[in-house]
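Sequence lines, in order, name chains A and B. Read left to right, the first sequence gives residues 0 to 766 (numbering that gives the first Met the number 0). Read left to right, the second sequence gives residues 0 to 766 (numbering that gives the first Met the number 0).
Mixed in with the good hints, there may be bad ones.
It does not matter which identical chain is meant; a pair holds if it fits inside one copy or across any two.
Stated by the list, open to error - Derived pair list, reagent style PhoX-like, types lysine-lysine, alpha-carbon separation capped at 25 Å:
| # | residue 1 | residue 2 |
| --- | --- | --- |
| 1 | K302 | K70 |
| 2 | K556 | K523 |
| 3 | K70 | K587 |
| 4 | K177 | K63 |
| 5 | K237 | K156 |
| 6 | K269 | K523 |
| 7 | K106 | K136 |
| 8 | K237 | K523 |
| 9 | K281 | K395 |
The hints are simulated quantities; they were obtained by calculation from the structure and are not laboratory data.
There are 2 protein chains.
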Amino acid sequence: MKNYLTHDPWNIIEEGFHPDYNEVSESCFSIGNGKMGQRANFEEQFSGQTLPGSYIAGIYYPDKTRVGWWKNGYPEYFAKVLNSPNWIGIDIKLDGEVLDLATCKVKDFRRVLNMKEGYLERSFTAKLLSGKEVAVKSTRFCSVVDTEVGAIRYTVKPLNFDGRITVTPYVDGDVMNKDTNWDEGFWTEIEKTAKKRSCFVTTETKKTQFQACVGMRFSIFKGKTELEFPTTTTLEEKYAACSATVRCKANDELVIYKYAAVVSSFYHEKPKLLERCKKVVKKAFKKGFEKLLKEHAAAWAAKWEEADITIEGDVAAQQGIRFNIFHLYQTYSGEDERLNIGPKGFTGEKYGGSTYWDTEAYCLPFYLGTADQKIARNLLIYRHKHLQKAIENAGKLGFKNGAALYPMVTMNGEECHNEWEITFEEIHRNGAIAYAIFDYIRHTGEQSYLAEYGLEVLIGIARFWSQRVHWSVPKQQYVMHGVTGPNEYENNVNNNWYTNLLAVWSLEYTMEAMKTVEAEAPEKYASLLKRLNFDQATETVVWSEIVAKMHFPQHEKSGIFLQQEGFLDKEIRTVDELPAEDRPLHQKWSWDRILRSCFIKQADVLQGIYFFEERFSEEELRRNFDFYEPLTVHESSLSACVHAILAARLGKYGKAYEMYLRTARLDLDDYNNDTEDGLHITSMAGTWMAFVEGFGGMRAESDMLSFRPYLPEGWEGYTFRIQWRGHYLQVKVSKAGTVIANHSGQPLRLRVHGKVVEVGAGSETAC
Amino acid sequence: MKNYLTHDPWNIIEEGFHPDYNEVSESCFSIGNGKMGQRANFEEQFSGQTLPGSYIAGIYYPDKTRVGWWKNGYPEYFAKVLNSPNWIGIDIKLDGEVLDLATCKVKDFRRVLNMKEGYLERSFTAKLLSGKEVAVKSTRFCSVVDTEVGAIRYTVKPLNFDGRITVTPYVDGDVMNKDTNWDEGFWTEIEKTAKKRSCFVTTETKKTQFQACVGMRFSIFKGKTELEFPTTTTLEEKYAACSATVRCKANDELVIYKYAAVVSSFYHEKPKLLERCKKVVKKAFKKGFEKLLKEHAAAWAAKWEEADITIEGDVAAQQGIRFNIFHLYQTYSGEDERLNIGPKGFTGEKYGGSTYWDTEAYCLPFYLGTADQKIARNLLIYRHKHLQKAIENAGKLGFKNGAALYPMVTMNGEECHNEWEITFEEIHRNGAIAYAIFDYIRHTGEQSYLAEYGLEVLIGIARFWSQRVHWSVPKQQYVMHGVTGPNEYENNVNNNWYTNLLAVWSLEYTMEAMKTVEAEAPEKYASLLKRLNFDQATETVVWSEIVAKMHFPQHEKSGIFLQQEGFLDKEIRTVDELPAEDRPLHQKWSWDRILRSCFIKQADVLQGIYFFEERFSEEELRRNFDFYEPLTVHESSLSACVHAILAARLGKYGKAYEMYLRTARLDLDDYNNDTEDGLHITSMAGTWMAFVEGFGGMRAESDMLSFRPYLPEGWEGYTFRIQWRGHYLQVKVSKAGTVIANHSGQPLRLRVHGKVVEVGAGSETAC
């Protein structure tokens, strides 16, 4: 755990340079706009520790699978998000001497991520080996308005000398991924050009043949006066640059404006990329830095208006929750249903930047709650577009008749993961995708989504479950063998309670959805069933049979739902009994020992109770929470949020707050010592859930929104905002109680602490 | 399956060139002497399909582990047997035109492996592009007398031209493994020299720093006259050669003798390697090819005298069984307790050439039965030498107090394998190592082995088992979770019957062994227990408790021992019901499907019944055989032999013969389409077991050897030879009955078909 960042409600601040933590800061101070993202690398050269990272949405490389021992059914590649051409670079030389913070004395270093307005600022004074001192300040952002534009204002001020300052803004496509299976570069050069004050580099990914054209144009001011200056240009492999040398006197302020464009074949035809890039650069240049920034900040203000959470009386907590919301919206803006949310977003390469079940289980509620429903809807359509690939994927594993198994990890719908116990067995993900459809409709009320997209996906998933179970003669029940639940510290178990529950629920919900669509859109229904060769005489009969006769392992006496068959045969110990030096288990214990132990990586039975809370009594919840919580080591960033919500539900506020804290500042304080790889973007959505569903006690109960807010000890108050079926609410909780404001044009009935309340249009109600 | 080799009792014969099968032939026709081995690559250049393979005993490279997803506890490297410097190479040019069978018309090609005398012969006529025709015959062997010597007689006869023949014998250390994790070469050059008619290359392995010096000297005869000729020498990276050009007339017969030596730092000090190599070459040269071959053939005759099996009335079967015996003795000659038997011996690189539990379970009985007991003893001492590493290995997995877990795959005692479900879970191997000690003593009667080496190993193994089980509260029994049995088509199961049986038996046998040693060598016993910090008050008490209360999954009603807990919850189908296109499962089904199915890769419960046959009634054997055999796909080369033996025991002679056939000509007929990678050496020992224990019905029952021979249909008769406690027997079975000859100086009582018979010294008895 680290504690080097300054607490502040709206800014992330690094005071003084921390070169050892530089890669952590690069992650935390990342900027992005949903289409591109950039780690907080330096503009000028830096020979110290750094993980260069510039990312373009939708562009990936299928890196040939690397395994020790091949198993039949493994995918051919793992899709990797790409470190893309560098658009931020500006080399600086002072009388020929390179500015490089790794070789200077650095003073007054300050790095600020302004979350309110969405930009990164960095300032410092450097004393070079020659004794020359220079003050630098840079400001940059990826515009959320002009989403192909990145802009930089870079100010250099010689402090104790007169001399020549050489400025070399460049575009560099000769970049590598840190994460490559076979030590290869992923980009080849297509074309490059440099002329006067602008340059452009077009590169193409190997195999996938995505093209990116990255270009820039720059200007230099001395104070407020724009300078005229000659440039020299340089072209190298995948690299183009313009250099200018300007004579300065001490305390002259040289301001470089660099306007970059990142355009890709994900959005434009390849032959027109360069033209488009030039156009975008030109337009940005013309608009100018200040106007670009102003528009960008205004867009962020609108976003905050929708999604902000305020906390009074705890600056660290306030900073933490905004940090999470800010990065979620930097990662995914929801306009493009081909995009999704990688575990590290645009802040690192790890986990390949692909889509996991995190999206459905953790991210969807955040976007549903804080934004227009079309954003969440696009996340659902993303999976609908992948349905055929999911059917092919199931086919590879021997399933038939349109059964669909969504991949564990994917970029374009194809499975990328290659551990048999995950790839082939962690199939509960399929249920999460069905659950997301249910969750979306419950939250938005948009039943018609079923006929349009949802039912087809549900049928594919239901068909998978019905083939994945089999009849056990000894049990005289259906069983599901060989699965891995959300608790990945168990592999290849039989009858994982959570997976069985999701399977049965998926079948039930699919049959319910069929009835809905049949009633509401009979023609669409008939045509869909025909297209899917759906045989109602047999398929739903089998589904109903499975629903009626599924095996759920349970300990009758204690009322514990067993995580899997035979769970109580394990030696049951609690996490308390583990010596500190044994933690984290995944680093200290061999894998077999972890598997044999009773210790749980992340919510599993409790994830099931969380998803279907209304199916279980509070007593059942309490018994299972009290049994499983003490066994849970929370060695996944996705675990604590579910425990926080359930603890709050049970009135265990101390535990709820403890669990919340584990997630809220996970990256800012680098709890897991891995923030250098990138931020835990998807678990940030879990933090939001822990806040709104834990502290706020929010639930979507059939047709009504419900809250059971409470105020954590030591806080003065908090507010959060929620969108619900076209309504836009603010919930304000303080020692005085809860006030709910309805900012929409219709009155809304909702439940607070179990009582139904009506909040009038445009008014607020104390509850 | 292929069928291109000619049936012959003593020879393996390829008539006509089969370039598509060349790598298969290279495996089958391999030569070796227990210290070095050589695939049947060509001496002259060959640009066609070939897997070059020259191997030196004891020399390996620790290739950095390659995995997709690292699990804590994985080893750092996988030890690889090395493709070593090429000593066979002789380039041939005819008037400057290279002889290369891939570019000529080849006629009268014949490749013969003479198993009786242990040499490889190849002859052919080649018509080159120029129209020149040449007849070639080569003969080579690795001497089993001078085990550092390889010798070649290579005859070239121009058929339709007079001209210059250029002969370039060389040593080439610039060789690669096909199987490398990171595409690296494993050898670096130390020194090289070439002078007149000899050259030497010394290379060193990276990381392990083994050195090998390979040298050669050659002479050329025309007919019977030795030629004088000048040479030119060539030195390149890790390569040295001598060239001579001789003018020939049509039908002149040019005979090149190449005497090579392969000496290594496994046996000699590094600074003296070159000197030693020169000495060995010189001695071989002086002895001459014919004498070397004569001595070599005599040694093979003596080996056959001990180990031959004859079959009358079935040439294919005769060839098959001799092929197996021959290759086993080419692989392991038993003088060096640092060596062991790799799955491919000296015939290929696959599986790294390391030691598996195959040695104890399959190979040991062969060497016990066919050779002096010191050979088998060295296989046991090999594991004793690795005991400390096995204790370290267990320590890495969290075991304490001297518990030993022998590795799944090893070269020097360290674990090399890296699949968690095997490395950490296929722990029954530990029991096989205990069983081998029992088996050795039962066969040889050498109880004193326990005090000297055995007991220490047994205690380490017993300590492991006692820590690996735990108490199940619901069952009120000891259980063992998270294991993989011999049937690797199940992973991470609970209470594998076989593993539990081996664990309990290991504890029992260790306690019995302790009593034996205490009685027979009380001082050694006391000192060993002290050295091991053995606490008799607690340790054996716990062991006895586990023996008494271990859980064995069983279906009470049917009397089936369950392969693992919950096995009957599976959908039970038989192999008969599988469509042909689904086989082999490991190529056609995804891994999860294999795991969920009831299909069995190799004997598992039946392996346990085989090991401890006397503990089970014939009825128990029959019930379990009848249940498991129809579920077994035999997709391991180690499976069919156990089924053959048990089928024979049950009088299911048809099934026994079918199973025997699957193993006997596995490589000769390339059943599994993988002989090109090398021969299945360890399963060859299983074939021998299937013969002697299946057809011969041999058992070692406490203090007496026992036979229940029967004659497979269509055979006239067979004989096999057995060593037993200093006795040397021949068992001859024909339609007339069984005759047992006792070639030793003492009479022997044994059991035939259940009746005790005494066979006098030097006499034979019909039974």
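Hints, verified against the model:
no. : hint         : in the structure
1   : K302 to K70  : neither (47 Å within a copy, 42 Å between copies)
2   : K556 to K523 : neither (49 Å within a copy, 54 Å between copies)
3   : K70 to K587  : between (27 Å within a copy, 11 Å between copies)
4   : K177 to K63  : both (15 Å within a copy, 19 Å between copies)
5   : K237 to K156 : neither (31 Å within a copy, 60 Å between copies)
6   : K269 to K523 : neither (38 Å within a copy, 82 Å between copies)
7   : K106 to K136 : within (12 Å within a copy, 82 Å between copies)
8   : K237 to K523 : neither (51 Å within a copy, 74 Å between copies)
9   : K281 to K395 : neither (49 Å within a copy, 62 Å between copies)
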